[in-house]
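Line by line, the protein sequences give chains U and S.
Using the numbering used here, the first residue of the first sequence is number 1, and each one after it goes up by one.
Using the numbering used here, the first residue of the second sequence is number 113, and each one after it goes up by one.
Take the hints with a grain of salt, since some may be wrong.
One-sided and incomplete, this derived list gives chain U residues near chain S with beta-carbon spacing under 7 Å [unchecked claim]:
hint, residue
1, TYR10
2, LEU43
3, VAL98
4, PRO105
Simulated from the structure, these hints should not be mistaken for lab results.
Ideal placement from N, C-alpha and C gives every residue a C-beta, glycine not left out.
Residue-level listing of the chains:
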Amino acid sequence: DTAVSQTPKYLVTQMGNDKSIKCEQNLGHDTMYWYKQDSKKFLKIMFSYNNKELIINETVPNRFSPKSPDKAHLNLHINSLELGDSAVYFCASSRGQVDEQYFGPGTRLTVT
Amino acid sequence: AQSVTQLGSHVSVSEGALVLLRCNYSSSVPPYLFWYVQYPNQGLQLLLKYTTGATLVKGINGFEAEFKKSETSFHLTKPSAHMSDAAEYFCAVSEGNTPLVFGKGTRLSVIA
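Okay, chain U solo, but in the shape it has when bound (with noise of 0.2 Å):
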């Protein structure tokens, strides 16, 4: 079984859609984020959900929306795409915060 899943794994799409990128993790864990992961590899956190809560927003422009439906789920919802959109993004959770951090396999978002 899959810890944590993504999808879609590709997405193709064009400047000014909207898309979401929908995360389930079966492990448990009460916590769970967002990662951007540039084209030179540089990863950032974007998002942390701790049972549905959203504790850690950062610099993120604010067409970027995650939604926690409930502990397993973090979904991600991105408006008026824009090229610099362009990246892999990855989901991953936790039980805390310094507790190891299971990622999932990535979802690969082409802004065209």
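Put chain S on the given structure of chain U with help from the hints.
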């Protein structure tokens, strides 16, 4: 705020040779330190972590790292490189109730 510097964006070693990937951190409190590995087109996977206690930490796949407070370092080593070790390696630091901050990554190439 904590930060991580990984020296060398690309390291190349021969199969069977020692692997040494360097990581220096900055933290205002005792840090939590992690090494993650990312294989091509995959998410990150924890290699090892240091929280408290023994400063020499052993991880998966024969890797280990030593926490040296006086040098603010957490270098990753493996006595003998295998072809399967070729990947991107990330050092990360947390100050406890703060998000993980990742280094920029070091790409390890293993030459037959």
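A quick look at each hint next to the structure:
With its C-beta approaching chain S no nearer than about 10 Å, TYR10 (chain U) sits outside the 7 Å limit, and its interface hint is violated. Taken as an interface hint, LEU43 (chain U) checks out: its beta carbon lies about 4 Å from the nearest beta carbon of chain S, inside 7 Å. Checking VAL98 (chain U) against chain S by beta carbon gives a least distance of about 5 Å; that is within 7 Å, so the hint holds. With its C-beta approaching chain S no nearer than about 5 Å, PRO105 (chain U) sits inside the 7 Å limit, and its interface hint holds.
Against the hints set out earlier in the document, a violation occurs for number 1 only.
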